[in-house]
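*Asks:* Okay, here's what each chain looks like letter by letter:
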Amino acid sequence: MDAPGPARHRALHPLVLAGSLAGLLGVVLVGLLIGPTPIALRGEILELIDRLTGLHFHVPLSPIDAAIVWQVRAPRVALGLLVGGTLALAGGSYQGVFRNPLADPYLLGVAAGAGLGATIAITSGAEGATGPLPYVPVAAFAGALVAVALTYGLGVAGGERSPATLLLAGVAISSMFTAVQTFLQLRQTQTLRDVYSWILGDLSTPGWHDTLLLLPYTALSAAVLLVFRRRLDVLAVGDEEAEALGIDVRRTRFVVLLAASLGTAAAVSVSGLIGFVGIIVPHVVRLLGGTSYRVILPMSLVAGAGFLVLADLVARVALAPAELPIGVVTAALGGPFFVLVLRRRAGAGW
Amino acid sequence: MSRTSGTVPAPKAGPARRWWRAPDPPAAAARGDLVCQGIEVRVGERALVDDVSFTVAAGGWLTVVGPNGAGKTSLLRAVAGLVPHAGSASVGDALLEVLRPAERARLVAFVPQHPVVPPGLRVLDYVLLGRTAHLRPLGAESARDVAIARRVLGALGLDAYAERLLSSLSGGERQRAVIGRALAQESPVLLLDEPTSGLDIAYQQDVLDLVNRLRREEGLTVLATMHDLTLAGAYADQLGLLAEGRIVAIGPPSETLTEANLARITRARIRLLREGGTTVVVHLPPVAGAP
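Protein chains in written order, with my numbering: chain C, 11 to 360; chain D, 101 to 391.
For the record, the hints were derived by calculation from the structure and aren't laboratory data. Heads up, a few of these hints could be off.
Claimed, not checked - With the C-beta cut set under 10 Å, the calculated list includes, among others, these residues of chain C facing chain D:
| # | residue |
| --- | --- |
| 1 | T47 |
| 2 | R61 |
| 3 | R240 |
| 4 | R241 |
| 5 | D243 |
| 6 | V244 |
| 7 | G248 |
| 8 | E251 |
| 9 | L255 |
| 10 | R296 |
| 11 | T301 |
Just so you know, even glycine gets a beta-carbon here, dropped at the ideal spot from N, CA and C.
Make the full structure from the sequences, and use the hints.
*Replies:* Shown next, in the form of structure tokens:
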């Protein structure tokens, strides 16, 4: 990863970025071309060229097949890109702010809050309803923000909001929210399955609505986090030295946590609690690309997006026509990979 | 292993020009005296630093000595703006307490006693962290910032280490890298918290010679804390004796390093010898029959 020229030190090499983006494009194409419904590959490719370039071929796809590509697979791939990229970027940012390799985007209560919000929506709206409830994402988003706000508000010890007290407050708030959620869930056992499958995560989306809803939050979150990536490198020398070097540590931590939590809350409200992406992707990037957040953050965004699209592909295809919950796939693929990474890193420090 | 020279070069004549700077001179850094008035650091009811006032003239060197817990580090951290405190510290006509961290970092550079050594960080990148306060919010380091960092490394005899990992350096080399990071800030005031702790005696001299050279040639103003009274007296042009948060005596080492003064800040059994213009602190053997 050593870049030529002294000025490029610790910066992301443009060739690496270009290569990763090309890889991501490949993943997107695979995600569009492959699915549980068998469609002729040649027709799909012609359809893509036709739509993307405006050249008019004779496309041998039936309108139904074309709709599967554009209204079923494409929004799902786009959602996977947004959710995966956001979770991985947020996870990398959390790890930088907390200087803790175990930090993930759910640390400050986003997951527990979203879980409680979704559970309230599902259990209270379940009477006779079938299929996805429209207000589950809104409730999950609200729950996530409430939980993070409580964590941040309560994570003060002796007038100071240190990373350690924030982490502990996150644990406490998460436990409380999970307790309430479990209680509600057990009171309404007929919705157990719905709640459970929401918690495991799901990228299936009826059309483009969810994806477009998510886009502004994830774009804002990603923009802010990427702007702060050099400041995270300075934070690596500790709060006090970073402050002495000219960083407003409290404000930096607040802005980064706010942006990461907002993006995470928006992502999980649409996709459910997809685990592991936010913790393993930044670690893998760190292993391959070094310890600078100027590399880790942009590369986590790209790698997380690609990883989730691939994981979703496995979820769609592995047991077709049935679908695996994507959380199962990310953990099943990510777990062993994570162990490998950890074993290679043993003794190398964090 | 390259080491800085042990001799102190004579002050250069003519206008001071920072020799690690890029050829294009930046806007002149604020110059001026470091003036501290009524500095007070409290933890609950207890005052760690109690009404401390002093002035270090531009280009001067004040070393604060005192026993463990006297408040030396707290005083330095207060001047650096890292702990809440009463009183004021100013550089020239700039009051440090009202500045944002980046503005403060352009006036005061702080070398901590136990710097954090992040893994996977090259020495050059570590020194470049010193440029943080000079970067625009969205900016990355420019070629000029890299040139400044490389000049600093050259001045400290660390050229050959630029690409090495900071964590692979010895204690003395690492201490120079930390000082390098502070020099890259191009601040007129340098705060050194126990700069010689953990170094062998040759490295202790090297580090202090280096700081001495910088202040003589570049007019750097130095505020340091130290435990070794002999070394402190040999290098600083002012010593401040601190006990229980208060200044007991302050002035040139020849006046402040007296057995009467030291008895006020330490119960150690010591005697002072005058040796070629410096004061040597000698430890006395245990008293027979004492526990």
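*Asks:* Taking each numbered hint in turn, which are not upheld by the structure, reported in ascending numerical order?
*Replies:* 1 and 2
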